[in-house]
Structures are given as structure tokens and as C-alpha cells.
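Those sequence lines, one after another, are chains A and B.
Counting in our numbering, the first sequence runs without a single skipped number right up to 264 at its last residue.
Counting in our numbering, the second sequence runs without a single skipped number right up to 295 at its last residue.
Where hints are given, some of them may not hold.
Derived pair list, reagent style DSSO-like, types lysine-lysine, alpha-carbon separation capped at 30 Å [unchecked claim]:
#	chain 1	residue 1	chain 2	residue 2
1	A	K153	B	K222
2	A	K153	B	K127
3	A	K153	B	K246
4	B	K169	A	K153
5	B	K222	B	K127
6	A	K153	B	K161
7	B	K101	A	K153
8	A	K148	B	K169
9	B	K54	A	K148
10	B	K54	A	K153
11	A	K153	B	K240
12	A	K153	B	K103
13	B	K127	A	K148
The set of hints was computed from the structure by calculation and includes no laboratory data.
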Amino acid sequence: MMSAAALTRRAAPALACIGLLATWQVASLALKNDSFPTAIEAIRAIPDILGDKESLINILASLRRMAIGFGIAVLVSIPLGLLMGRSRAVAAFFNPLLMVIYPVPKAALMPIIMLWLGVGDITKTLVIFLGVSLPVIYHSFEGAKAVEEKMLWSGAAMGLSAAQRLVRIVLPAALPEILTGCRTGLVLALITMITSEMIARQSGAGNILFNALDMGQYDTVFAMIIIVGAMGICLDAIFERIRARLVRWSEPQFDMPLSFS
Amino acid sequence: MKVVPSRSSEWVRPVASQKPASAIIEIDRVSQVFQTSTRKDHLALSDISLTIEEGAFVSILGPSGCGKSTLLYIVGGFVSPTSGAAKIKGQAITGPGPDRGPVFQEFALFPWKTVLGNVMYGPRQQGVRATEAEAQSRGLIEMVGLKGYENFYPKELSGGMKQRVALARTLAYHPEVLLMDEPFGALDAHTRTRLQNDLLNIWERDRKTVLFVTHSVDEAVFLSDKVVMMSKSPGRIRQVIDIDLPRPRRRNELLLDPRYQKYVVDIERMFDESDETGSPS
Ligand SMILES: Nc1ncnc2c1ncn2[C@@H]1O[C@H](COP(=O)(O)OP(=O)(O)O)[C@@H](O)[C@H]1O
Ligand SMILES: [Mg+2]
Numbered sequence: 004m005m006s007a008a009a010l011t012r013r014a015a016p017a018l019a020c021i022g023l024l025a026t027w028q029v030a031s032l033a034l035k036n037d038s039f040p041t042a043i044e045a046i047r048a049i050p051d052i053l054g055d056k057e058s059l060i061n062i063l064a065s066l067r068r069m070a071i072g073f074g075i076a077v078l079v080s081i082p083l084g085l086l087m088g089r090s091r092a093v094a095a096f097f098n099p100l101l102m103v104i105y106p107v108p109k110a111a112l113m114p115i116i117m118l119w120l121g122v123g124d125i126t127k128t129l130v131i132f133l134g135v136s137l138p139v140i141y142h143s144f145e146g147a148k149a150v151e152e153k154m155l156w157s158g159a160a161m162g163l164s165a166a167q168r169l170v171r172i173v174l175p176a177a178l179p180e181i182l183t184g185c186r187t188g189l190v191l192a193l194i195t196m197i198t199s200e201m202i203a204r205q206s207g208a209g210n211i212l213f214n215a216l217d218m219g220q221y222d223t224v225f226a227m228i229i230i231v232g233a234m235g236i237c238l239d240a241i242f243e244r245i246r247a248r249l250v251r252w253s254e255p256q257f258d259m260p261l262s263f264s
Numbered sequence: 015m016k017v018v019p020s021r022s023s024e025w026v027r028p029v030a031s032q033k034p035a036s037a038i039i040e041i042d043r044v045s046q047v048f049q050t051s052t053r054k055d056h057l058a059l060s061d062i063s064l065t066i067e068e069g070a071f072v073s074i075l076g077p078s079g080c081g082k083s084t085l086l087y088i089v090g091g092f093v094s095p096t097s098g099a100a101k102i103k104g105q106a107i108t109g110p111g112p113d114r115g116p117v118f119q120e121f122a123l124f125p126w127k128t129v130l131g132n133v134m135y136g137p138r139q140q141g142v143r144a145t146e147a148e149a150q151s152r153g154l155i156e157m158v159g160l161k162g163y164e165n166f167y168p169k170e171l172s173g174g175m176k177q178r179v180a181l182a183r184t185l186a187y188h189p190e191v192l193l194m195d196e197p198f199g200a201l202d203a204h205t206r207t208r209l210q211n212d213l214l215n216i217w218e219r220d221r222k223t224v225l226f227v228t229h230s231v232d233e234a235v236f237l238s239d240k241v242v243m244m245s246k247s248p249g250r251i252r253q254v255i256d257i258d259l260p261r262p263r264r265r266n267e268l269l270l271d272p273r274y275q276k277y278v279v280d281i282e283r284m285f286d287e288s289d290e291t292g293s294p295s
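All chains, please: the whole structure from these sequences, using the hints.
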């Protein structure tokens, strides 16, 4: 038997979705605007998109670029961030560099990158890579900086070399913080994926969306927004599962004292 | 700027009177200068010389800020002194090593490892086979009174239990010298007493050399063969006192023992007589 509280907690996400769609439906009916289809119209357009081979190939190509960009970014950014967090010299070298890149919207770099590398996969993957890197570097850096020195000393006394301490103490100790950065990075990967396809139209989920917009197929536009949103929710949910499993040792126990539950 | 120790301060009574053959740690005219945030030099330790005999339980006692931790870190090899040198078994200390096992007030356990994982970490690093390391570690966990908690994570333990794990983790790789920096300082009085008793029992079994930092007079007298009294600003050795009390020591007997009481009272008076800001405790 599930308790009432547990049942509510399980049903909460679904309720939130239904509430959002209902609000959309009502707003759309009230506004009576051609470019704002109802939720039901948009949902009806989804099977057409997913049933179309061309569209599916486009969406899968997007996901592939996103996975590659995200994967490489994580593999490069975690070691860099950890090194920055534990070495003043490395931090002093990279910090100014990153500070310059940080506030620049990565999509704004696309026209230049396109000039160098063309409008193909490499350009788009590179932009995703850039978008994901910064939060992952930043959180790895903060996580590594916060590692208790006595923990490293304990490791040194056991005979761990500096490199071993970085991999076997700093990395696991900073993991909760690193994964927070990765989660932000995952969302940014999705955003930069769509924006990159908006700028360099050629293939991808963003391409379907903006072509439909050009042709005034607003139900397709909103169907694509739902699809991209659903992809975001699914990816985040999968990531969150993995994350929770990896850092169970650090999770605070919650869900007890809130007085309003 | 290097601070060159001029001459030994008049308080220092060098402990070189014992047979030098059994000396395990020698601290020779060590001084430590820190740069403060205002860019001034702060002399944290001034001209410290001390010899520690193999198998001795030596406490370093002094007010907060007198450089006790710094001295311990120098022996641990975590900090290198501004001048002077520390040696273990005649070899200059240049860095940390498994011959010196630290136990910190902050526990410094690996939070992503279970109790067993923490205790096994050192032996595994030293190349002990997994099955063997596990068997030894389980034994140690039992010895520190945590049987049944092998698969708990540090966050699931109380402060006293964490310090027991930290002690077991350090004992597991068989350091020749234990370096304990106010290990019971963060614990409540009751837990503290129990851990003191347990530490003494463990120590009386295998008589490892222990360098134990504390600011509690009772604790120092109760545990030690020798108490090194330090004073502050700059950190110096004031006096080294041999604690001539029988072992094994039992707390309930010792507290009633006039000799124990006299040590405590005398040491407390010595601190009070000094015109320094810091009093012990
Ligand atoms: N890394 C450091 N940088 C600057 N000052 C320090 C540093 N470590 C210790 N000190 C200073 O040195 C003195 C001795 O510190 P410490 O060894 O921690 O004393 P204790 O352990 O006896 O309380 C204190 O005044 C402290 O502020
Ligand atoms: Mg201290």
C-alpha cells in the first residue's frame, strides 16, 4: 500500500504537466490567434513528426551531436577544473581566459566558427562543446577547491602520489559538485543544440522547428517545442538517476521536516 | 625572511638525556614563520628542539595558537619548517609517509567510502591483497568498537564513531608513529572520556610511539609518559614533564591518585603563573 503522501509525490509531475497543458489550452482558446494553436492541436501533430522518417533522422542527428559535444566537454572540463582547483598556477593561467569566454553567448560565436569549419556537424558540435564546458569547468573547479586539505594529507600519509590524490581523492570528493555542473551542462547542451541548428540550418530538430515556423505550420512548431521539452525532461531524469546513484554517500536525507507537506 | 634561531630559550630543557639509540623522532631547532594576510611575518614556532623516544606517549600541551598543530604537521611532513629540521629514525623528514599516521580533529574520513572502505584504503594502497586487507580491517573495526557498522557511510556516524574510524584507518597501515592533533577536541565530554580510555587500551597493547596534541591538562596527564608544555607568541617549549604514573592506567583509580592530581594541579599552576594571554584549555 502506498501512503497518500507517497501517492501525491508520484503523481505530482504528471499533475504539473496536465496543469500546464490545460492552461495552454484555455489561453489559446481565449486568444484565438492563428500563430498560437491549442495544446490539443499541437499534440495531434506529434505523431506526424515522429512517424516521418526524414524528421526522425533529423532528430537523431541532433541527439548525436549533442551526445558527442556533451561527452567531449565533460571529458576535457572535469580534469581541467580539478587541476585549476588544486593548482594556483593552472588556475591563474586559465581563469582570465575563461572569464573572457564565459559571458559570450556561445551561439554568437557560430558565424565565425562557420567561416572556419563550415556549417556541418563539426561546427555545431563545437558550439555544444563550448556551451557545456564552462559550467562543468566551473563546478569542478569549485568542488576541487573545497576538498578538505586534511583528507589529502591523510592520502599522502598512506603513500598516494600527487596524481593519485587528484584522481582518487579530489575527483570523488568533488563528484557531487561536478555532477551539479554536468546537469547544468546537459540542459545547456540541449539549448545550444537547438540554437546552433537555428543559425546553421541544414538538419536537426531545430531545423524542423524553424522551417515549420517559416512556413507558418504553427502546430508543428509547437509540437516540436513539446518534443524538445520532453527530450529535456527525459535526459534530465535519466541523468538525475545516475547522479543520485553515484553520490548517494553525500545526499542529505530530506523529505521529513517540511511542515507544509 | 629566514629566522635563524639564536640560542635555546632558557626554559628549554632538552630531552637528550635518554639513550639516543631509542630516539625515533628528533626535532632540531625548528622555527616556523607564516606570512599573515597583512604581509607581516608571524613567528609561529621558535627554536623548537625535542626528542621523542620509541614507544613513548608524548603529549604537546599548550594554549590555542601556540603552534602545536604546526609542530605536528612538520613531523608529519605536511609542512616544511622555515628553519631547522625534523628527523625520523635519523632520516630527514621531507614529506608525508606511511611511517607517520595522522589522526585529525576533523576526522578527514573519505565520505564516499564506507567504514570498511576507509579502513582498507591504506593497506590496499600499500599493496596488501584485498581479502587480507579486508580481514585485518574488520579486526580493527571491531577493536575500535564499531563491529556492525562496516557498511555505514561516514555521514551516518556520530562524531565519536567517526574518530574511531579515523583511528582504525590510520592504524590499518601500521605507521610507526601516530600523530594525533586534538583528536577528541570536537567530541562531547562523555564520548571524549570513552575514547581516551579506548585509545589507552589500544596503545598499551602495542606501544606505538604517539605524538598527541591537546590543550587539556587532564587529558595530557592521563594519557602520557611525557608532557611537552608550550607557550605562545612565539611558540616555544616551556618545559618537558615526565609523568611518572603506573600503567596500565585506569581512569577511576587515577582520578583518586594524589600523584595524578598533583601533576594536574602543578601544570595548571605553571600555566597560570605565566603572564601570557592563553591559559590551558
Ligand atoms: N597556514 C598558515 N598561515 C598563516 N598563519 C598560520 C598558518 N597556520 C598556522 N598559522 C598561525 O600560526 C600560529 C600557530 O597555529 P597552530 O599551529 O594551528 O596553533 P595550535 O594548534 O596550537 O592552536 C597561529 O597564530 C596561527 O594563526
Ligand atoms: Mg591546532
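Going down the list of hints, with the structure as the test:
1. A/K153 to B/K222: 22 Å, holds
2. A/K153 to B/K127: 16 Å, holds
3. A/K153 to B/K246: 24 Å, holds
4. B/K169 to A/K153: 17 Å, holds
5. B/K222 to B/K127: 27 Å, holds
6. A/K153 to B/K161: 26 Å, holds
7. B/K101 to A/K153: Holds, at about 22 Å.
8. A/K148 to B/K169: OK: A/K148 and B/K169 at ~21 Å, within 30 Å.
9. B/K54 to A/K148: Holds, at about 26 Å.
10. B/K54 to A/K153: This hinted pair holds, its Cα atoms lying about 26 Å apart.
11. A/K153 to B/K240: 27 Å, holds
12. A/K153 to B/K103: 25 Å, holds
13. B/K127 to A/K148: 20 Å, holds
When the structure is compared with the earlier hints, no violation turns up for any of them.
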